[in-house]
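Note that the protein sequences, when read in sequence, are chains X and P. For what it's worth, the working numbering labels the leading residue of the first sequence as 1, then goes sequentially. For what it's worth, the working numbering labels the leading residue of the second sequence as 1, then goes sequentially.
Rather than coming from a laboratory, the hints here were simulated on the basis of the structure. Using N, Cα and C, we set each Cβ at its ideal position, and we do this for glycine too. Check each hint, because a few of them may be wrong.
As the list claims (entries may be wrong) - Pairwise CB distance ranges (calculated):
no., chain 1, residue 1, chain 2, residue 2, range
1, P, Gly40, X, Arg51, 48 to 54 Å
2, P, Leu112, X, Pro112, 24 to 30 Å
3, X, Pro112, P, Leu83, 21 to 27 Å
4, P, Gly62, X, Gln14, 47 to 53 Å
What the hints assert, rightly or not - Here are some chain X residues the structure puts well away from chain P; computed CB gaps all over 12 Å:
no., residue
5, Ile20
6, Ser55
7, Leu100
8, Thr104
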Amino acid sequence: QQQVKQSPQSLIVQKGGISIINCAYENTAFDYFPWYQQFPGKGPALLIAIRPDVSEKKEGRFTISFNKSAKQFSLHIMDSQPGDSATYFCAASRTGANNLFFGTGTRLTVIP
Amino acid sequence: KAGVTQTPRYLIKTRGQQVTLSCSPISGHRSVSWYQQTPGQGLQFLFEYFSETQRNKGNFPGRFSGRQFSNSRSEMNVSTLELGDSALYLCASSLDRRQELFFGEGSRLTVL
Chain X
1 QQQVKQSPQS
11 LIVQKGGISI
21 INCAYENTAF
31 DYFPWYQQFP
41 GKGPALLIAI
51 RPDVSEKKEG
61 RFTISFNKSA
71 KQFSLHIMDS
81 QPGDSATYFC
91 AASRTGANNL
101 FFGTGTRLTV
111 IP
Chain P
1 KAGVTQTPRY
11 LIKTRGQQVT
21 LSCSPISGHR
31 SVSWYQQTPG
41 QGLQFLFEYF
51 SETQRNKGNF
61 PGRFSGRQFS
71 NSRSEMNVST
81 LELGDSALYL
91 CASSLDRRQE
101 LFFGEGSRLT
111 VL
């Protein structure tokens, strides 16, 4: 049973465009929602994370939007660049637990 | 500050053998978690160690085990290897229960 559902599986965006990746969860006990970026041959790297007490968090070109009632959260990458081409994973966990439940990943390709 | 270091990076084993993977966390990090990454199942939590004690365990058979040493370094062992154990094994460290996980580059295991 997939605890966190992620879409789309792959995404192609023109340079300068907006990339949007969506995730949904079922477990209402989850209260920590990070996004990870993974390049080929590398481990996932924490990009940005949010907790349910806020509806949006922005760090540079990356923004997380969080909808607690819908149990959904999304990653927006503004002004997408070819260097952003990577696989993105959303995840969720609950306070005090370091076991993250990951989405299935989105392979983003930014075309120059 | 050095990141999470995993050794070996690549290894090939045959069915029935056993394997031990090593992880050195970021200096000062006391929690070490292990994840398995495969194309079919994605990223799945194996177990977490803190102060030499297993604090949490994922849904994997008993062939998968781990331990943590007093210097926070961790090892995981897989006995009686099966073809399906071929995967990228990722180690992540964090400061106690703060949940910001920092991943290593992984150990890629191929079982023939």
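Hint says 48 to 54 Å; check whether the CB-CB distance for Gly40 (chain P) and Arg51 (chain X) agrees.
Distance hint for Gly40 (chain P), Arg51 (chain X) is violated at roughly 31 Å.
Confirm or reject: Ile20 (chain X) is not an interface residue toward chain P, with every Cβ-Cβ distance exceeding 12 Å.
holds (20 Å)
Is the Cβ of Ser55 (chain X) farther than 12 Å from every Cβ of chain P?
holds (20 Å)
Would the least Cβ to Cβ distance between Leu100 (chain X) and chain P come out above 12 Å?
violated (7 Å)
Gln14 (chain X) and Gly62 (chain P) - C-beta distance against the hinted 47 to 53 Å:
holds (50 Å)
Can we trust that Thr104 (chain X) is non-interface, i.e. its beta-carbon lies farther than 12 Å from all of chain P?
violated (5 Å)
Outcome for the supplied range 21 to 27 Å, where the beta carbon pair is Pro112 (chain X) and Leu83 (chain P)
violated (40 Å)
May I ask you to test the hint 24 to 30 Å on the CB atoms belonging to Leu112 (chain P) and Pro112 (chain X)?
violated (40 Å)
Going down the numbered hints, you'll see the structure goes against 1, 2, 3, 7, 8, while the others check out.
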